[in-house]
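Following the hints, complete the assembly by docking chains X and C onto the known chain Z.
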Amino acid sequence: MQDAIQQIHSGVFGLLWPEMLRLPTWLVLTAGFVVGGALVLVWMALMALAWTYGERRIAGFIQVRYGPNRVGPLGLLQPVADGIKCFSKEDTVPTVAYKFMYTLAPLLVFLGAMLPFAALPFSQRLVLADMPLGLYYVLAFEAIEVIGILMAGWAPGSKWSLYGGMRLAAQLLSYEIPMGLCALVIILLSGSLNLGEIVTWQSQNAWGLEHPWVLGWAIFRSPVTFIAFVIFFVAGLAASKRAPFDLPEAESELVAGYHTEYSGLRFSFFFMAEYTAMYVVCALSAVLFLGGWYGPVPMPDVAPDSSLAARWVELVGLQGLQGDLSMMQKIVCAGRTLCEALFQGEGLRILASEAIGLFNLLLKAFGLYFVMIWVRWTLPRVRIDQVMYLCLKVLLPFSLVCLIWALIQVALF
Amino acid sequence: MSARTRNAFAEYFANLWAGIVTTCVGMRLTLRYFFSKPITMLYPEERPEVPAGFRGLHAYEESKCIACKMCVAACPVDCIAIEMVGRGKDALVTRYEIDYSRCLFCGLCVAACPTQCLWMTEVYDLSCTSRQACRRSFARAKTQDEIAAHERLMEQKEAEKKAQAAEAARKKAAEAKPQADKTE
Amino acid sequence: MGCAMSETVSPTPIRQDSLRTEEMLINMGPQHPSTHGVLRLVVRTDGEMVREAWPHLGYLHRCFEKVAESVTYAQVVPYTDRLDYLASMNNAQAFCLGVEKLGRIEVPERASALRVMVAELNRIASHLVAFGSFAMDLGAVTPFLYAFRERELIISILEKISGGRLLYHYPRIGGVARDLTPGLDQEIRDFLKQMRRVWPEYNALLSENQIFVKRTANVGTVTREQAIAWGLTGPCLRGSGVKFDLRKAQPYSGYEKYDFEIPVGEGAKGTVGDCWDRYWVRMVEMMESCRIIEQALDGLPEGPIQSKVAKVLRLPLGEVYVPCENPRGELGFFIVSDGKTQALRIKARGPSFNNLSITHTVCQDVLIADVVAILGSIDIVLGEVDR
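For the record, the sequence lines run as chains Z, X and C.
Numbered per my numbering, the first sequence finishes at 1592, counting up by one with no gaps.
Numbered per my numbering, the second sequence finishes at 268, counting up by one with no gaps.
Numbered per my numbering, the third sequence finishes at 389, counting up by one with no gaps.
Worth flagging that the hints you see were computed from the coordinates, not collected in a lab.
Nothing here was measured: the structure is a model prediction, and the numbers come from that model.
Even glycine gets a Cβ: it sits at the ideal position worked out from N, Cα and C.
Please note that a few of the clues may not be correct.
[Said to hold, decoys possible] Taking lysine-lysine pairs in the BS3-like style, the calculated list, with each CA pair at most 25 Å apart, reads:
{"#": "1", "chain 1": "X", "residue 1": "K261", "chain 2": "X", "residue 2": "K153"}
{"#": "2", "chain 1": "X", "residue 1": "K153", "chain 2": "X", "residue 2": "K241"}
{"#": "3", "chain 1": "C", "residue 1": "K313", "chain 2": "X", "residue 2": "K173"}
{"#": "4", "chain 1": "X", "residue 1": "K246", "chain 2": "X", "residue 2": "K256"}
{"#": "5", "chain 1": "C", "residue 1": "K103", "chain 2": "C", "residue 2": "K349"}
{"#": "6", "chain 1": "X", "residue 1": "K148", "chain 2": "X", "residue 2": "K256"}
{"#": "7", "chain 1": "C", "residue 1": "K342", "chain 2": "C", "residue 2": "K310"}
{"#": "8", "chain 1": "C", "residue 1": "K259", "chain 2": "C", "residue 2": "K271"}
{"#": "9", "chain 1": "C", "residue 1": "K271", "chain 2": "X", "residue 2": "K153"}
{"#": "10", "chain 1": "C", "residue 1": "K310", "chain 2": "X", "residue 2": "K153"}
{"#": "11", "chain 1": "C", "residue 1": "K271", "chain 2": "Z", "residue 2": "K1572"}
{"#": "12", "chain 1": "X", "residue 1": "K121", "chain 2": "C", "residue 2": "K195"}
{"#": "13", "chain 1": "C", "residue 1": "K342", "chain 2": "X", "residue 2": "K153"}
{"#": "14", "chain 1": "C", "residue 1": "K259", "chain 2": "X", "residue 2": "K148"}
{"#": "15", "chain 1": "X", "residue 1": "K173", "chain 2": "X", "residue 2": "K226"}
{"#": "16", "chain 1": "C", "residue 1": "K68", "chain 2": "C", "residue 2": "K342"}
{"#": "17", "chain 1": "X", "residue 1": "K241", "chain 2": "X", "residue 2": "K256"}
{"#": "18", "chain 1": "X", "residue 1": "K256", "chain 2": "X", "residue 2": "K153"}
[Claimed, not checked] Not the full set, but computed from the structure, chain X residues with beta-carbon under 10 Å of chain Z:
{"#": "19", "residue": "V105"}
{"#": "20", "residue": "T114"}
{"#": "21", "residue": "F119"}
{"#": "22", "residue": "T199"}
{"#": "23", "residue": "M238"}
The following block holds chain Z by itself, in its conformation from the complex (with noise of 0.2 Å):
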């Protein structure tokens, strides 16, 4: 499967650049993982900006009120607002605090929130880097989150905060085994880690149909899935400290948790990590367990390896780059080839196939996203004990019957 880094590096920068601009291969390689890098820092400042609007809203008509409405049009600045007081607030440092866990700490939480983006794919070739391993590589990163909690607790030498520290380290430790589990289901019955074969497997032969549509998702090809998939999403959102499983951060009894003593950017760091977890688990959970960008809407039939980028290179090499031609014309050569192998015939239907699925997965996350922020709005918070309990003892088991069920199931048929 063509990936974004391999279409980069095979199409675009790989082959086009080095022979326009005479760069070495290493150079546009790492400025591609660069740019990759901060699109995704973009779309998780996008997705922190738009949920902190969208959950008070939401919020807010739940409770029979209105949100926020007055910064901008149905109040769509507010986040703008939030940012500039977050930014512009004093950075106050706690005397007794340990400095360098301090200011690391933020850090470590952001970069948990952050490394699993590499792996998640937004649609059939809108993925940073396909990787074999890649829902390996995402459940491992997120647990990267643990340890930055866990300094954020000590760190300052609040007792509040301490107290926040331990319960999330118990908490977060604890969901990710059901999570594992539940996502081992999904490995067994699809057969592979990799994420795009996830969603592939889910598009193909189910229900006795070649195409099997909504029906070849993986919650309908077993009872044991759909349990899998209410367990991976309850220990999701215990995972990414949402409420009803709010209790490192529970405002009424302890002030706020391991981040009492943050303020100003060192919070919004925690906060923008909070909101993208959420994201990661919504994905994750769509791809795995909805059919990922297999969805609702239908998407033209593309072949699964052909690459706009070869297309592209394939378009140049017949015009003949190399030679005389001076710069300018060099780029507004490769301008106006790439244009062609965009809008016509197979690029169309790549470029159209691509937009569909990108809907598709983001209908089915935020979806999930809804129904997080209205479980919130719903329900009471858990006792720390009474969460260990409902991992150890109810998810926990279950999640080991679904996956005795899947290896049974896979053995036999």
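Chains X and C only, in chain Z's frame:
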């Protein structure tokens, strides 16, 4: 399986089922409210309809005030300050101030007033930016000339009254004398 | 080796405190999102377990009793509003009843019926706040907003009756301040209909919710004997299974004429006297208050609303204590008069003060989250605790 284990199992599954069902019921309710119209009043564009009889900012009719100071006596927190020249119906109120940083809005002053010169309006927005502004004056400020003139008027009336009283006393004495003469 | 064995080296003794695990002394409040006002709770914890919790009071002390010695009886009534500011009608009624008993002042029947009606309306409003803030403490923010939607209806009604929205100054010595305006009867009935419609919704959202039940059932259990020994009153007492309500035991203002039930905690979700029971008693009381209001409206007698009382009241020598059933418990004013226009001494027995005393006994070997649940279920108002 012993009875206790059976009970434990039953309780476990009953709790789990109850958890799922009650969560779904609660979520259905909140979803219904999500699609209903909010009840918030968009203040300050929309204002609440304040009913008549609301105990808000005072209103004072200086012409009816007889400066009897019943309101001052009735107030539990001593927030009314009156200064006047003269007494009774002829009094000139030079200062009538209510300190809204102390006022309880209880309405005892209104009930105590014998001439109904003080009542409470429906104005509820009394925000101000200084303690000084909390003390609101209701009587028109009088100039020194007015005060002096009124003082003179009071003295004049006092003198008139004394003269009248002296006249009445003399008349009475004069009437009593012929009576005394008659009886004798 | 060559070590000098002439000196005996005694091993370092292991000290008792070097093995001790650290206990933390945590301060909850006075500024804290869930202590219902300016209450300071000092909590000694061992990890997540709370070993002891002491409430520290006095942050809202406003010298009510001292002030009441230097103002006339009619001027004390607005001060009583501010004790339990969520149940203003009930406070004033308690005080006026005390003064009326000592001064042998007759209250007209219409005034008594109006007092009952507004007191029960205020009871519903107060219990709605208790319900909403209890839910909010436990993390469910939404029921608070729903409760305040109903409370807004009550406040509007009481605003039309008395002219104020929270502090009404409506029950006066000898009667009530104003009569019902036309149209208010219908508004009250509409509210009752709305209240009866949404009460099952509150139960569906919160009371039956498994997470809420698990947070409150078997938590903070106060036994019958403990409740009586510590002087608890109101829903705290009835939640522990003691069927005692001053409106039935020592009726005032004509409560004997009305037909209503006294809800008692039965341990429906856990043990008798746990947080859920106290909460449930308040919920059922809301419905019972609706019944009382309906009966009061239906049978409102005609007549004056205020009896003739001297402009500046002078009470005869003596002392009196008339307890009333406030939403939070027994509120009573012990009035000592020496024949002057101002009382010699007024002592206010605030129910929340006595209810709060159970905190220390109950908050032993519980989790911090339980302390929050216990405080919320006792339902204190600091105005009453500190006076």
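Hints, verified against the model:
| no. | hint | result |
| --- | --- | --- |
| 1 | X:K261 to X:K153 | violated, 44 Å |
| 2 | X:K153 to X:K241 | holds, 22 Å |
| 3 | C:K313 to X:K173 | holds, 22 Å |
| 4 | X:K246 to X:K256 | holds, 15 Å |
| 5 | C:K103 to C:K349 | holds, 16 Å |
| 6 | X:K148 to X:K256 | violated, 36 Å |
| 7 | C:K342 to C:K310 | holds, 19 Å |
| 8 | C:K259 to C:K271 | violated, 33 Å |
| 9 | C:K271 to X:K153 | violated, 61 Å |
| 10 | C:K310 to X:K153 | holds, 22 Å |
| 11 | C:K271 to Z:K1572 | holds, 21 Å |
| 12 | X:K121 to C:K195 | holds, 20 Å |
| 13 | C:K342 to X:K153 | holds, 21 Å |
| 14 | C:K259 to X:K148 | violated, 46 Å |
| 15 | X:K173 to X:K226 | holds, 17 Å |
| 16 | C:K68 to C:K342 | holds, 16 Å |
| 17 | X:K241 to X:K256 | holds, 22 Å |
| 18 | X:K256 to X:K153 | violated, 36 Å |
| 19 | V105 | violated, 13 Å |
| 20 | T114 | holds, 5 Å |
| 21 | F119 | holds, 8 Å |
| 22 | T199 | violated, 46 Å |
| 23 | M238 | violated, 58 Å |
Hint compliance for this structure: hints 1, 6, 8, 9, 14, 18, 19, 22, 23 are not met, and every other hint is.
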